[in-house]
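Visitor: This is what each chain is made of:
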Amino acid sequence: MKAGSNLEKILEKGLFAVTGELGPPKGNDVSVIKRKTDLLRGYVDAVNVTDNQTAIVRMSSIATSSLLIQMGLEPVMQMVTRDRNRIAIQSDIFGATALGIKNMLCLTGDHHTFGNQVDSKNVHDLDSIQLIDCVRTMRDQGTLLGGEEKIEGEIKLFIGAAENPFGDPFEFRATRLGKKVAAGVNFIQTQCIYDMNRFKEWMKMVRDRGLHEKVHILAGVTPLKSGGMARYMAKNVSGIIIPDEIIDRVVKAKKPAEEGIKICVEQIQELREIEGVHGIHIMAIEWEQMTSKITEMAGLLPRPKVE
Amino acid sequence: MIKAEQKPIDEILRSIDPYNKILLSGCGACVAVCHAGGEKEVGLLASALRMARKKIGKTIEVLEAAPARQCEPEFASELAETVEKVEAVVSIACGVGVQTLVRHFPKTPVFPGVNTTFLGETVMHGVWEERCQACGNCILEKTGGICPISRCAKQLFNGPCGGSSKGKCEIKRETDCAWQLIYDRLKTLGQLYKLEEIIPARRWGVESRDSGPRRIVREDLKV
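Chains as they are written, first to last, in this note's numbering: chain S, 3 to 309; chain R, 1234 to 1456.
No lab work stands behind these hints, which were simulated from the structure alone. The beta carbon of each residue, even a glycine, is placed where N, CA and C say it ideally should be. Check before you lean on any hint, since a few could be wrong.
Straight-line alpha carbon distances no greater than 30 Å define the calculated DSSO-like cross-link-like pairs of lysine-lysine that follow [what the hints assert, rightly or not]:
id: 1; chain 1: R; residue 1: Lys-1455; chain 2: R; residue 2: Lys-1405
id: 2; chain 1: R; residue 1: Lys-1399; chain 2: S; residue 2: Lys-254
id: 3; chain 1: R; residue 1: Lys-1287; chain 2: S; residue 2: Lys-237
id: 4; chain 1: S; residue 1: Lys-227; chain 2: R; residue 2: Lys-1254
id: 5; chain 1: R; residue 1: Lys-1420; chain 2: S; residue 2: Lys-202
id: 6; chain 1: S; residue 1: Lys-206; chain 2: R; residue 2: Lys-1399
id: 7; chain 1: S; residue 1: Lys-4; chain 2: S; residue 2: Lys-15
id: 8; chain 1: S; residue 1: Lys-206; chain 2: R; residue 2: Lys-1288
id: 9; chain 1: S; residue 1: Lys-123; chain 2: R; residue 2: Lys-1399
id: 10; chain 1: R; residue 1: Lys-1427; chain 2: S; residue 2: Lys-216
id: 11; chain 1: S; residue 1: Lys-237; chain 2: R; residue 2: Lys-1288
Now the in silico label distances, taken between C-beta atoms and shown as ranges [to be verified]:
id: 12; chain 1: S; residue 1: Ile-89; chain 2: R; residue 2: Val-1266; range: 38 to 44 Å
id: 13; chain 1: S; residue 1: Met-73; chain 2: R; residue 2: Val-1329; range: 52 to 58 Å
id: 14; chain 1: S; residue 1: Thr-115; chain 2: R; residue 2: Asn-1348; range: 17 to 23 Å
id: 15; chain 1: S; residue 1: Gly-97; chain 2: R; residue 2: Arg-1442; range: 26 to 32 Å
id: 16; chain 1: S; residue 1: Phe-172; chain 2: R; residue 2: Gly-1359; range: 52 to 58 Å
id: 17; chain 1: R; residue 1: Asn-1348; chain 2: S; residue 2: Glu-203; range: 44 to 50 Å
id: 18; chain 1: S; residue 1: Asp-210; chain 2: R; residue 2: Val-1266; range: 48 to 54 Å
id: 19; chain 1: S; residue 1: Glu-151; chain 2: R; residue 2: Glu-1307; range: 45 to 51 Å
id: 20; chain 1: R; residue 1: Glu-1440; chain 2: S; residue 2: Phe-172; range: 46 to 52 Å
id: 21; chain 1: S; residue 1: Ile-89; chain 2: R; residue 2: Arg-1364; range: 25 to 31 Å
Here are a few chain R residues that sit away from chain S, every Cβ distance over 12 Å (derived from the structure) [unchecked claim]:
id: 22; residue: Leu-1296
id: 23; residue: Pro-1339
id: 24; residue: Cys-1410
id: 25; residue: Arg-1436
id: 26; residue: Arg-1447
Given only the sequences and the hints, what does the whole structure look like? Please build it.
Guide: This is how it looks when you write it as structure tokens:
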């Protein structure tokens, strides 16, 4: 066991894991976190707490993750390299682990020009792969990055990262996953999957490299709320591919939101059958109430209790 | 070469507002190549400044100069006699040139007339793109000769982010994804194995601007 988190125990036992996602409030209103936590508790094994996603200023992922622990929901603390240099990163890791956080997702982060502080200076002292290496060094060697100095205490973290099989160059995406594995990642959550053929092709490249035996891959899904959302995402979000037949299904449906949920459940069932997929990551952003329905319809409930 | 763009004329006029006689100095090197601060631009800007001041009834005398390389001491010192005759200098060389004049002429105000933008190359007539950040430890050997530090919006060292789509960067769709270019180039060269290697965290604090202003001393060349 690297950290002994619930998520790690479930994956290590070979059970099919379910994670969710929770966006902190754009302020310090704890009731927002409480409401979302109540919608997710019991339906997922752990929940990602985003770190100023899309570069919109929100409550810090560390503080929110700590509140989640108090509320009885296990967090996966996201951390981006956009806003912190390695001094702040390592200091924040000390603090986060002291607060009981056991899962961490290492990300580069959305570019700051997408957010609400476009005049800011981005940091990128490390990239996501170097961040994985940094956390692994702190955990396994008990030292800071590039240093001999021993850390006071022990860093126990189950290290995660993201990968996007729908970004280009496609052929490089499995190579890049290999670099993350070499850097020490324990689990991967993917960008949301709609193009099943491309995902399967990517998983084949992953298996050909033997990576599926070295890292737990959680397949990402996002239910489509409406035809407008499907069209918008397909057209405007780089690195997301939505095949026309899926867009058509949502657009033509009498109840698009219900159709979106139905598609999501079908996708989960298909993803479960793929060798090397060890879990599902449900990103129902600002639609958290649907997580319970999706997990129920997909036959993922009740969530297992592990010791 | 160093690239620059002329500042808005109103900003230049504000900085020279108190003066009636100035020197406008360009540079015959980098900024001449990108049509921002060469001899031709000195002539054009000098006329524009004179006209603007005449229009508000505050005529100004603008002397013109365009030393071959404003950032070199011997060329900067050639301006000494002219600088004696004026109240202030506007330099449309890069930020380096401005500071060379400042060092040579401690009693004369020197104002920038251009914004120095980047180290880049001419990709076609009238189009320049950033290519180097003078980061202090060149990694082009590992990346097929294409620099991710200057050409990737997130300065990624180990491959593209999830926003690389159809060869373009998600930040600006007209910008090529540096990592797509690197991938294509290494594929052409039969060197894709280079992408398997993890490039470790950089020593920014020792090698780069983060260590403070950098200085090169060549004992063999000092006189």
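Visitor: Does each hint hold? Answer for all of them.
Guide: Hints, verified against the model:
1. Taken as a hint, the Lys-1455(R) and Lys-1405(R) pair is broken in the structure, with Cα atoms around 46 Å apart against an allowance of 30 Å.
2. The straight-line distance between the Cα atoms of Lys-1399(R) and Lys-254(S) is roughly 29 Å, inside the 30 Å bound, and the hint therefore holds.
3. The straight-line distance between the Cα atoms of Lys-1287(R) and Lys-237(S) is roughly 53 Å, outside the 30 Å bound, and the hint therefore fails.
4. Proximity of Lys-227(S) to Lys-1254(R) is assessed by CA-CA distance (about 67 Å); at most 30 Å being required, the pair is judged violated.
5. Between Lys-1420(R) and Lys-202(S) the CA atoms are separated by roughly 24 Å; this keeps the pair inside 30 Å, and the hint holds.
6. Restraint check: the Cα-Cα separation between Lys-206(S) and Lys-1399(R) comes to about 22 Å, which is no more than 30 Å; the hinted pair holds.
7. Note on Lys-4(S) and Lys-15(S): the hinted pairing holds, with a Cα-Cα distance of about 14 Å set against a maximum of 30 Å.
8. Restraint check for Lys-206(S) and Lys-1288(R): the C-alpha separation of about 72 Å exceeds 30 Å, so the hint is violated.
9. The suggested pairing of Lys-123(S) with Lys-1399(R) holds, with an alpha-carbon distance near 27 Å, which does not exceed 30 Å.
10. A hinted pair counts as satisfied when its Cα atoms are at most 30 Å apart, and Lys-1427(R) with Lys-216(S) qualifies at roughly 22 Å.
11. Distance hint between Lys-237(S) and Lys-1288(R) is unfulfilled; the C-alpha atoms sit about 51 Å from each other, more than 30 Å.
12. The hinted window of 38 to 44 Å between Ile-89(S) and Val-1266(R) holds, with their beta carbons roughly 40 Å apart.
13. Taking 52 to 58 Å as the suggested C-beta distance range, the pair Met-73(S) and Val-1329(R) conforms, at roughly 57 Å.
14. Against the hinted window of 17 to 23 Å, the Cβ-Cβ separation of Thr-115(S) and Asn-1348(R) comes to about 19 Å, which satisfies the hint.
15. At about 29 Å, the CB distance of Gly-97(S) to Arg-1442(R) agrees with the hint of 26 to 32 Å.
16. At roughly 34 Å, the beta-carbon separation of Phe-172(S) and Gly-1359(R) lies outside the given 52 to 58 Å, and the hint is violated.
17. A hinted range of 44 to 50 Å for the beta carbons of Asn-1348(R) and Glu-203(S) is consistent with their spacing of about 47 Å.
18. Take Asp-210(S) and Val-1266(R): their Cβ atoms lie about 49 Å apart, and the range 48 to 54 Å holds.
19. Judged by the Cβ atoms, the range 45 to 51 Å given for Glu-151(S) and Glu-1307(R) holds: they are separated by roughly 50 Å.
20. For the pair Glu-1440(R) and Phe-172(S), the supplied restraint of 46 to 52 Å is violated, since their beta-carbon distance comes to about 34 Å.
21. At roughly 30 Å, the beta-carbon separation of Ile-89(S) and Arg-1364(R) lies within the given 25 to 31 Å, and the hint holds.
22. Listed as a non-interface residue, Leu-1296(R) keeps its Cβ farther than 12 Å from every Cβ of chain S; the least gap is roughly 38 Å.
23. Against the 12 Å criterion, Pro-1339(R) stays outside the reach of chain S, whose nearest CB is about 32 Å from its own CB.
24. The claim that Cys-1410(R) is not at the interface with chain S is violated, since a C-beta of that chain comes within 12 Å of its own (minimum 7 Å).
25. Look at Arg-1436(R): its CB is around 8 Å from the nearest CB on chain S, not clear of 12 Å, so calling it non-interface is violated.
26. For Arg-1447(R), the non-interface assignment is confirmed: its Cβ lies about 18 Å from the closest Cβ of chain S, beyond the 12 Å cut-off.
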